[in-house]
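All chains, full assembly: derive it from the sequences and hints.
Protein chains: 2
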Amino acid sequence: MVAGHSMNTQPTVLLTNMRLVVCVLALLTAFSAGECGNVLVWFTEGSHWINLKIVLETLIDRGHNVTVLVPDASIFMHEKESDRFSYQNFSVSKSTQDMQDSLNDFLHFSMYEMDRLNLLQIHIRLYQLISKDQQLCLAYCNGALKSLELMDKLLQEKFDVMLADPIFPCSEVLAEKLDIPLVYTLRFSIAHTMERMCGQIPAPPSYVPGAISKLTDKMSFTERILNMLFYLSQDALASSLWKTIDNYYTEYLGRPTSYCEMMGKADIWLIRTYWDFEFPRPFLPNFKFIGGLHCTPAKPLPKDLEEFVQSSGDDGIVVFTLGSMVLWRYGGEKPDTLGQNTKIFEWMPQNDLLGHPKTRAFITHGGTNGIYEAIYHGVPMVGIPLFGDQPDNMVHMTTRGAAVVMDFNSMQTQDLVDGLNAVINDPSYKENAMRLSRIHHDRPMKPLDESVFWIEFVMRNKGAKHLRVEAHNLTWYQYHCLDVFAFLTTVLYICFKMAKFFIMRCCFRSKRKSKKE
Amino acid sequence: MVAGHSMNTQPTVLLTNMRLVVCVLALLTAFSAGECGNVLVWFTEGSHWINLKIVLETLIDRGHNVTVLVPDASIFMHEKESDRFSYQNFSVSKSTQDMQDSLNDFLHFSMYEMDRLNLLQIHIRLYQLISKDQQLCLAYCNGALKSLELMDKLLQEKFDVMLADPIFPCSEVLAEKLDIPLVYTLRFSIAHTMERMCGQIPAPPSYVPGAISKLTDKMSFTERILNMLFYLSQDALASSLWKTIDNYYTEYLGRPTSYCEMMGKADIWLIRTYWDFEFPRPFLPNFKFIGGLHCTPAKPLPKDLEEFVQSSGDDGIVVFTLGSMVLWRYGGEKPDTLGQNTKIFEWMPQNDLLGHPKTRAFITHGGTNGIYEAIYHGVPMVGIPLFGDQPDNMVHMTTRGAAVVMDFNSMQTQDLVDGLNAVINDPSYKENAMRLSRIHHDRPMKPLDESVFWIEFVMRNKGAKHLRVEAHNLTWYQYHCLDVFAFLTTVLYICFKMAKFFIMRCCFRSKRKSKKE
Chain H
384 MVAGHSMNTQ
394 PTVLLTNMRL
404 VVCVLALLTA
414 FSAGECGNVL
424 VWFTEGSHWI
434 NLKIVLETLI
444 DRGHNVTVLV
454 PDASIFMHEK
464 ESDRFSYQNF
474 SVSKSTQDMQ
484 DSLNDFLHFS
494 MYEMDRLNLL
504 QIHIRLYQLI
514 SKDQQLCLAY
524 CNGALKSLEL
534 MDKLLQEKFD
544 VMLADPIFPC
554 SEVLAEKLDI
564 PLVYTLRFSI
574 AHTMERMCGQ
584 IPAPPSYVPG
594 AISKLTDKMS
604 FTERILNMLF
614 YLSQDALASS
624 LWKTIDNYYT
634 EYLGRPTSYC
644 EMMGKADIWL
654 IRTYWDFEFP
664 RPFLPNFKFI
674 GGLHCTPAKP
684 LPKDLEEFVQ
694 SSGDDGIVVF
704 TLGSMVLWRY
714 GGEKPDTLGQ
724 NTKIFEWMPQ
734 NDLLGHPKTR
744 AFITHGGTNG
754 IYEAIYHGVP
764 MVGIPLFGDQ
774 PDNMVHMTTR
784 GAAVVMDFNS
794 MQTQDLVDGL
804 NAVINDPSYK
814 ENAMRLSRIH
824 HDRPMKPLDE
834 SVFWIEFVMR
844 NKGAKHLRVE
854 AHNLTWYQYH
864 CLDVFAFLTT
874 VLYICFKMAK
884 FFIMRCCFRS
894 KRKSKKE
Chain U
384 MVAGHSMNTQ
394 PTVLLTNMRL
404 VVCVLALLTA
414 FSAGECGNVL
424 VWFTEGSHWI
434 NLKIVLETLI
444 DRGHNVTVLV
454 PDASIFMHEK
464 ESDRFSYQNF
474 SVSKSTQDMQ
484 DSLNDFLHFS
494 MYEMDRLNLL
504 QIHIRLYQLI
514 SKDQQLCLAY
524 CNGALKSLEL
534 MDKLLQEKFD
544 VMLADPIFPC
554 SEVLAEKLDI
564 PLVYTLRFSI
574 AHTMERMCGQ
584 IPAPPSYVPG
594 AISKLTDKMS
604 FTERILNMLF
614 YLSQDALASS
624 LWKTIDNYYT
634 EYLGRPTSYC
644 EMMGKADIWL
654 IRTYWDFEFP
664 RPFLPNFKFI
674 GGLHCTPAKP
684 LPKDLEEFVQ
694 SSGDDGIVVF
704 TLGSMVLWRY
714 GGEKPDTLGQ
724 NTKIFEWMPQ
734 NDLLGHPKTR
744 AFITHGGTNG
754 IYEAIYHGVP
764 MVGIPLFGDQ
774 PDNMVHMTTR
784 GAAVVMDFNS
794 MQTQDLVDGL
804 NAVINDPSYK
814 ENAMRLSRIH
824 HDRPMKPLDE
834 SVFWIEFVMR
844 NKGAKHLRVE
854 AHNLTWYQYH
864 CLDVFAFLTT
874 VLYICFKMAK
884 FFIMRCCFRS
894 KRKSKKE
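Residue numbers (my numbering), protein chains in the order written: chain H, 384 to 900; chain U, 384 to 900.
The hints are all genuine.
Calculated cross-link-like contacts (lysine to aspartate or glutamate; reagent style EDC-like; alpha-carbon spacing at most 20 Å):
hint	chain 1	residue 1	chain 2	residue 2
1	H	LYS597	H	ASP772
2	H	LYS848	U	GLU814
3	U	LYS648	H	ASP600
4	U	LYS601	H	GLU644
5	U	LYS848	H	ASP825
6	H	LYS648	U	ASP600
7	H	LYS848	U	ASP825
8	H	LYS529	H	GLU634
9	H	LYS848	U	ASP600
10	U	LYS601	H	GLU853
11	U	LYS829	H	ASP825
12	H	LYS597	H	ASP790
13	H	LYS515	H	ASP484
14	H	LYS848	U	GLU661
15	H	LYS845	H	GLU540
16	H	LYS829	U	ASP825
The hints are simulated quantities; they were obtained by calculation from the structure and are not laboratory data.
Written out as structure tokens, the structure reads:
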């Protein structure tokens, strides 16, 4: 890389692919300790699990018991991962390979297929992919919900709260069956469909860009049209896709219900972003923005790594990683073509490196967890977004002037060199990264503390119904006052017609009268 | 009075009229202390001032300097009230009597006139009253803004933030002239016009009742029509009334602007309620709900008062006061008809009495400050609302089952007896009051700490622009996507017409062809 002020010195690039977030748990002092409770966790995968695990560790530190429901086909959750959680396994009719295949199909679609397809084709392919994934998810649901033995055991354990990511369905039905409150943890749903349609969060399409639309809050007329079409098409897609789950829930609970209605019963939605990242937008009292809860101050580096970092002199170092679900991984011998100032690691202490004073830039795939560590430490970024929310995440950072972004499919070596030069040598990138860092740190309560507070609140108070808006009990036409408008328009129309009738009659009479005269 | 379980024992009534909120300042530990700053406060009156003063005291405790701008015609703010603030007087062309007259007109209107008038008459009278009040307010603005000497002095003092209640205009222009950020403290504006139209907070009329509408979040079809009409009429009234201020601002700043546009520049809106009182509704990142910041634990009562309270035995006591802007006041000798168990005070330690374990009920006019003390200590209420937001405030408490309400104009002695009997003897009232108290106390941060945090945040960061929604930069038709809908409808219409044209042409051709054949 590319450090310092000149491109003549060969850069120090740290290349990694498997990462692990090691978090020192923040000391919680700001709220009174509740009684110890029993926390049940619905299975989740990937970075969702990495993030949730930190909250669970903290709950255990505070004396609660945590039980994690793990399907035997899980890719990321492993029974022996930590002996602090109680793992409750359940069998499913699908294999880990089925789940991995589904994931691979998604990756392939968003990285290679999407650019070659038109809008209609994208929606059709997305419908096929999500439908297939839903079948998998419902097999998981069956594994838990239809096992009498498991359900009996869970009922007897008397849990106080259920934690779940709504991206993986069925936690809602399980919470209802166990008669316990539900707390969601969510990064986003496409075009915010879940948050809007089921959580009742208002999102005017004129300035709230749909999640993963790559739009910002400042939209031109054309962009506002695109955003509106994105909302409408995604809402239609979701409504159509969720029918399968609607039927499953209705059948299981033995009364007419829907996925959306059940999601709307969640007491708290912990959203894994904050206003350092998110464009400001409306929200509701039961939505809490707790982005960056996994971030911690940097710990000292191992001696050899510290020596290597120090060898960069004034030029400093660049950290390079493509996240936990990597596609680009290098595990062999270090190639001869790499300079002495470049090191390759199977795993590296990413957070400690980002927090090192010598770090000048971060080359990232644009995952939320990594971006948040860069925000936390005020490091400018070069983004090479790959799939999912990553391109959209990087738009949030480039809009704020804290990053430049590369196109993975078309980028050349020189693009990366230019990008790194820009974020390192143009001071505005560092200043903007530091501004985001200030916003991140300067808030009333640490995000991890806030998450734990609201989970414990729900446990103490058996829910948080006082934060739930009445919108949940309105139909869509009532919510938008369409019935009120229809009534008022009708009344106005009748008034107008009557006024016209009486005026005509009046004029006609007076005319007739004057004629007579 | 009226304590215990039977109406046979004569009640212990504590009657007062002037009240003073004595607040022990909460220890602030949850956030890092910023550098000391200069705080400028725009004048305000009545309970608005009582509430704001507590925040100012805390800012001074934390080392900041506070300068309060006081017109020489103020009713409630007095230069010698506290030697901890710097008072900056300014002359206005109106007298204290003018202000008092305007206030009395408002009180008379809302207590006696309103019930006798129809909806149109109410709006006309309200228009007259507010117009007259605006002239007064603009005289105040002139006193400050057009005094070159004062403006020079303020500019030289280099303030870091301006605190103001938007109910009293001109703080916006002053903040702009001094080039400092603005923090609002607001209880409500009628039908939330300021919050909605200028602060850009979304408020769907289907479940967000307009402030002082006396409606709840659960509305019937008729109520939703009424709420919609209330919103529409108040928006029209506000738009029309604000024209005077729009012109004043435009002339003063020498560029076209409006009252609403200037209000929209406020960095933070501190709203003096919370979800223990407010029906849950959408809000924005720069709206902070800090209701009840003046509440503190009860201090021991003076010896004679404690003895009197103890003499009530198991029956307990009832606290009775009609607030700081009283109409019903008794200052003379105690009448012979009052029993031995009733005491009259010129002033009483209301908060300490409400927090006393022997207190069974609180007879209140329904002011927000008093209601919050009752919520804090979990005391059920009998409301005798008089004017302004008081009837609406009591609706919030009756809806939650923590109060009964009397009609001031028609109530009989027996109604009050029945009401007190209900809240004392029916345990549901106490339970509901305690539930609200739990919600009040069980939040991540004390409301006073949260207020001070956001004021200091704005001082540290010279504003809070990252919390300001892009909606401020959209026109009303852009905000509601009317231009997008118009475009999409036109495109759909053209597509439909073209499709029809081609189908017709096709059919026509094939018909002609077959005819020919």
